[in-house]
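Quick mapping for you: the protein sequence lines, in order, are chains A and B.
Start counting the first sequence at 1; every next residue gets the next number (UniProt numbering).
Start counting the second sequence at 1; every next residue gets the next number (UniProt numbering).
Derived by calculation from the structure, the hints in this document are not laboratory data.
Using N, Cα and C, we set each Cβ at its ideal position, and we do this for glycine too.
There's no promise every hint is true.
To be verified - Cross-link-like lysine-lysine pairs, in silico, DSSO-like; alpha carbons within 30 Å at most:
(1) K240(A) <-> K328(B)
(2) K379(B) <-> K328(B)
(3) K201(B) <-> K29(B)
(4) K328(B) <-> K421(B)
(5) K486(B) <-> K244(B)
(6) K308(B) <-> K478(B)
(7) K139(A) <-> K269(B)
(8) K240(A) <-> K310(B)
(9) K93(B) <-> K139(A)
(10) K240(A) <-> K368(B)
(11) K379(B) <-> K218(A)
What the hints assert, rightly or not - Pairwise CB distance ranges, derived in the manner of DEER restraints:
(12) K450(B) <-> F211(A): 32 to 42 Å
(13) A498(B) <-> Y151(A): 51 to 61 Å
(14) D247(B) <-> V140(A): 49 to 59 Å
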Amino acid sequence: MTKILKNVHWFNIIVPIIAVILGLLVGAIIMLLTGYNPILAYQSILESVFLQPYYTGETIRAIIPLILTGLAVAFAFRTGLFNIGVEGQLLVGWFAAVAVSLMFSGLPKLILLPLAIIVSALAGGLWGFIPGLLKARLKVHEVIITIMMNYIALYTTNYLIKHFLYAEGEKTPNIPEAASLASTFLSNLTQGSRLHWGIIVALLAALIVWFLLWRTTKGYELRAVGYNPHASRYAGMNVKNNIVLSMVISGALAGVAGSMEGLGTYQYMMINSTFIGIGFNGIAVALLGMNTSIGVIIGAALFAILQTGSITMQSTAGVPTEIVSIIIAVIIFFIGSSYIIRWCLLRVTKGGK
Amino acid sequence: MSFVIEMRNIRKEFPGVVANDNITLQVEKGEIHALLGENGAGKSTLMNVLFGLYQPDKGEIYVKGKKVHISDPNVANELGIGMVHQHFMLIDKFTVAENIILGSEPTKYGQLNLKEAVKVVQQLSDRYNLDVNPMEKVENISVGMQQRVEILKTLYRGSDILIFDEPTAVLTPQEIKELMNIMKTLVQEGKSIILITHKLKEIMEVCHRCTVIRRGRSIDTVHISESTPDLLATMMVGRKVDIKVNDQAYDPKEVVLDIKGLTVSDSRKVSIVNGLDLTVHGQEIVGIAGVDGNGQTELVEAISGLRKIKEGTISLNGQDVTNKRTRKITEAGLGYIPEDRHKHGLVLDFSVRENIVLQTYYKNPYSKAGILNNKKITKKAKELIKEYDVRTPSELTLARSLSGGNQQKAIIAREIDRSPKMLIAAQPTRGLDVGAIEFIHGKLLEERNKGKAVLLVSYELDEILNLSDRIAVIYEGKIIDIVNPKETNENELGLLMAGQRKAVKEG
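Could you build the full structure based on these sequences and the hints that come with them?
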């Protein structure tokens, strides 16, 4: 045990697992205190997600944008930047994908679908480019700019939908079939869920991010700049360009996450009165996944299971869905304070020696 | 016999390493006792045991003849043991007096009695000749004075056994002299001092006895009066240490680096390099001697393209590199061992392997078409680790977990392996122990003898004198004189460095 804990890699894996367990425990305690049965609640989550095909499908569907936003945050983290603007980049990506699909509705699927996804990446990338540029050239902190960019994205997309692409029900018209990721096959397989082909896009993105960061010279540069911009500059790297590029790639991933919702889940974009939260959840997913591709996929899966499962938890065990929000918050809390977990682990293993 | 401190047969084990193995340390009252050892020999572990930060696995500690159990630093304080840390623990915005009393403030009717504090601090400062103004804010005082504040902190708490952890690492030569005097005063007043260091010169100057430890074992305790630096170095390293000296005939080749009229501003836009001229030839080491802050850092940054050049030109290998991008200059044949290895030399969170290719990752064979070739990188890293004796568990270990000497060896391996025509070494041995210094000096001389041009910037005059073919003295951003190391001495250099041009030459 001591040996395992001595190893940094193992440590990094153990901490999130303990955070999740603690989150579930705290959730259980709150349920007990408020008069619910936690065993029944967790059982209903697991049963619905793993035994009822509809909920399995919905869970996987929810994983798709979470993987992409998680990757977006993780990518920026790896290069030393905190992209809190994933939410806004997701919204502009979503809008761009839907708008392009509606504008070029005559194109064949082979062209229109990739085009819509690429445009969503460009739009999200642009939304990341602005704070990246400001950070690199004027040293404006990216957190402040990206938060502001989130609001600009929210209200701009709402305005554009209202004035140019408005349809009944406070939304855009539905996208043409040629731009859709929806699949009757996947839907039938999962008893009518909204599961779509976007899962392939998300998994592919995870693979690309991994490859880019760990197998290319560009990724090497981005990580070097993230860890130590001074040494990178001394080694002749262009630190400023790498900061901008990192934000653009991060934003592009978030933009694609938006297109998954537009082209897959909903087939349109609605007017959002407030943020939808997938971007912000991406931060938690990245934290939980320790900024690795595989970790992000697992983190996204966990969040999707909790969120989808909360619906049946409410109907079967009578536990309000808000409990799940509390559990998620507690998990994030414990990851954020991973120092405490590490300290406890060290204490325990020392004592045992 | 009674000792103020006696640590008997201390053993402290960490998973996989025995940091202290049966170490015995006996400190007499009123002596300055040196604890000498290479980086990683176990000095800090032993002192942390004494200070209560670690619990020994075996062994006993006696303070003033009484057996004690030091369970935490508070207990150590109560026993009169105080530690002057290498990295100061002061609050910048507080005054000297406020910093000193922090944690044991004098009170009057439950209120802080700052007047009393200032008075006590002033008295202590006067008594030990520390020359500290209790009312000054810490942010406004020099590094040397900050260290004296740390000393006062321990005295204020009534310590009579002071541990100094590598106290001279951050000081200028002048400040080191002052510190030595302070230590002498302290022992005259009946205090006892344990000095942790790997600088032999300092030990010879102030210490009475010295305990040498090597790889976790105590080798011997000797009286300084009966010892020599050579003997101590041999005991510390475990073999005879060569002091490398540049003794090859001076036969400079073609001009490699040619700087003309260079003017560079510092971050406040004040010219800090002022019309500087300098040439460095192949098969030559030019040492830059000067007091810190006379433009050395800016000069080197200008050469390597990290700082904008206001006026003047730099040519490297016959190529004009004035205000060119860093990578272009690197490719024109510049190798650079930066002064601050943690900040500028390494990406600490990268593995050794990744750091080895920090300058070459984008080139064949380490990558092709933007894709890294990890096999080739690993092979290169393994080669260099072996060739340069970088002690690391593997090439995948993070650079952060290597000792300072091994980090520096990794940087030197990276820079020299590219075989640059021009090599700049800024403070290449700062903070390193004798063994590592020997190795690095050897490598610099080897490059010189291969016909390379070497520019050595250092505040250690010994280093400059031993290695250089020519010494360029920098003062206020200009080279004010170039002297032959064989015809000069520390005194003359010291005067030149203080700006006294054409000092009286003596032997």
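Hints violated by the structure (numbers, ascending) | Structure breaks no hint.
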